[in-house]
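J.: Just so we're aligned, residue 18 is where the sequence shown starts under this note's numbering, counting upward by one.
Everything labelled a hint here was simulated from the structure, so no lab data went into it.
Errors might be hidden in some of the hints.
[To be verified] Pairs of lysine to aspartate or glutamate, EDC-like flavour, derived with a Cα cap of 20 Å:
(1) 429 / 315
(2) 141 / 72
(3) 141 / 159
[Unchecked claim] Quick list of simulated restraints, FRET-style, between CB atoms:
(4) 42 / 399: 47 to 55 Å
(5) 98 / 54: 42 to 50 Å
(6) 46 / 224: 30 to 38 Å
(7) 46 / 81: 19 to 27 Å
(8) 337 / 196: 22 to 30 Å
(9) 202 / 31: 16 to 24 Å
(10) 399 / 46: 54 to 62 Å
(11) 120 / 59: 40 to 48 Å
(12) 59 / 95: 14 to 22 Å
The beta-carbon is built from N, C-alpha and C at its ideal position, and this holds for glycine as well.
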Amino acid sequence: MSRWRDFARMTPMRLTLRLVALFTAVSLIAFAATWWLADRALLDATEATLESQIDELSASGRASDIAAAVKAAAARADPDDLILRYDGPGGVVGNYPGPLPDGELVKAALRSHDVDGNFVLLAKDVADGRLVVGQDADPFDELREVFLRVLTFTLLPTAFLVLAGGVAIALRSARRLRAIEGTLARLAAGDLTARLPPMPGAPDDLTRVGAGIDRLAAAQEANVSALRQVSADIAHDLKTPIQRLSVLLGQARAQAPQMELLDRTGAEVDGIVATFHALLRIAQIEGGSPRARFAQVDLGALAETMAELYIPAAEETGHALILSMHDAATINGDRTLLGQVIANLIENALRHTPPGPVALTVDGATITVADHGPGIPHAERTAVLRRLYRLDRSRSTPGSGLGLSLVEAIAKLHGGSLELTDNAPGLRVTVRLPIRPIRSTVRLDD
Numbered sequence: 018m019s020r021w022r023d024f025a026r027m028t029p030m031r032l033t034l035r036l037v038a039l040f041t042a043v044s045l046i047a048f049a050a051t052w053w054l055a056d057r058a059l060l061d062a063t064e065a066t067l068e069s070q071i072d073e074l075s076a077s078g079r080a081s082d083i084a085a086a087v088k089a090a091a092a093r094a095d096p097d098d099l100i101l102r103y104d105g106p107g108g109v110v111g112n113y114p115g116p117l118p119d120g121e122l123v124k125a126a127l128r129s130h131d132v133d134g135n136f137v138l139l140a141k142d143v144a145d146g147r148l149v150v151g152q153d154a155d156p157f158d159e160l161r162e163v164f165l166r167v168l169t170f171t172l173l174p175t176a177f178l179v180l181a182g183g184v185a186i187a188l189r190s191a192r193r194l195r196a197i198e199g200t201l202a203r204l205a206a207g208d209l210t211a212r213l214p215p216m217p218g219a220p221d222d223l224t225r226v227g228a229g230i231d232r233l234a235a236a237q238e239a240n241v242s243a244l245r246q247v248s249a250d251i252a253h254d255l256k257t258p259i260q261r262l263s264v265l266l267g268q269a270r271a272q273a274p275q276m277e278l279l280d281r282t283g284a285e286v287d288g289i290v291a292t293f294h295a296l297l298r299i300a301q302i303e304g305g306s307p308r309a310r311f312a313q314v315d316l317g318a319l320a321e322t323m324a325e326l327y328i329p330a331a332e333e334t335g336h337a338l339i340l341s342m343h344d345a346a347t348i349n350g351d352r353t354l355l356g357q358v359i360a361n362l363i364e365n366a367l368r369h370t371p372p373g374p375v376a377l378t379v380d381g382a383t384i385t386v387a388d389h390g391p392g393i394p395h396a397e398r399t400a401v402l403r404r405l406y407r408l409d410r411s412r413s414t415p416g417s418g419l420g421l422s423l424v425e426a427i428a429k430l431h432g433g434s435l436e437l438t439d440n441a442p443g444l445r446v447t448v449r450l451p452i453r454p455i456r457s458t459v460r461l462d463d
């Protein structure tokens, strides 16, 4: 039911229903106008016939002669087809002595004195009396039946055929729209290789929209690819000399007496190397190449392994790392990268919060790390996901500002999401991953 309701709300179907409603309304108005004109013409012809009969019966102008003429004509007439009556000075004469409606020209149903039917009656005052002549209304009933049959066998089937054709066209448009929506969803999820499938049929406005989306996606893919290539080139070009500098500083520390200054210099260089490694890894993840290594990963077993690795470090800093699991899921992903997610979240909690509990929870395919530290202001929760962004209070602590950026990139690679919320007090970081298998895509330029 929901599927059909959604289909009825789609623009092509709504336009179809409106056009069918407009066609039906216009046709009904045209049928009604035609029937009224035909009924009016038949009534005018009937009135002319009745007037002719009245003129013939009242030609003498004397009441006695009119009564005699009506009596003779009524004796020959069938009261089911023709009504004749004269209310003159000598009394009522005719084949219908029952009550008659008021008015000069009326349609009336007569139900008495062996008469049962609908009639068109014309009345005129003649020779000190009232002469009424009536004709059965069967032609009017037949006209109405003809129009009803025309309405039933032409308008309704035509409206149904128009509706069926509109539904077929709407279904075709709906398939195209779903293809466009699916492509846009893949593009929004970061798959810049997504393109619309070939659309059958003659080109139309949806075809032009699809072509525009493909051109935009191609341009965006080229721009992002160029940007990633530049970032990767910079990282590769600078990584080697920085690593050489780190080695030379290590040699200098072993030979020079001023160890403290060299140690500080070496630490800074190590931080630069770590930053470039993180930037390069984010670029590779966003490129999608790790999808080729996806396999089944047990999040529960992975969380237990990471917790065992970090419990000693947590104890050294006065923290208590607490692991909780509820129906931990097995998902399709990269075990190393998912372990990096848990490691980064734990390290952030240990580095930026005072001694206290740090909770690592795996619930299905959702990973949560919560602490009781100062948290992150709501206004800055989007900013901290940017690369190299650091809060003012964190600038004095080790780190590059790439931890949460890397976590978000890995979550998106797996089709998941990252959410920062208040733990009251502290910060709660939630990574939601899909349980369904993720389609692997290998890029030709990876």
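J.: Determine for every hint whether it applies to the structure shown.
T.: Hints, verified against the model:
no., hint, result
1, 429 / 315, "holds, 19 Å"
2, 141 / 72, "holds, 10 Å"
3, 141 / 159, "violated, 28 Å"
4, 42 / 399: 47 to 55 Å, "holds, 52 Å"
5, 98 / 54: 42 to 50 Å, "violated, 26 Å"
6, 46 / 224: 30 to 38 Å, "holds, 37 Å"
7, 46 / 81: 19 to 27 Å, "violated, 53 Å"
8, 337 / 196: 22 to 30 Å, "violated, 52 Å"
9, 202 / 31: 16 to 24 Å, "holds, 23 Å"
10, 399 / 46: 54 to 62 Å, "holds, 58 Å"
11, 120 / 59: 40 to 48 Å, "violated, 18 Å"
12, 59 / 95: 14 to 22 Å, "holds, 21 Å"
In this structure, the hints that do not hold are numbers 3, 5, 7, 8, 11, in rising order.
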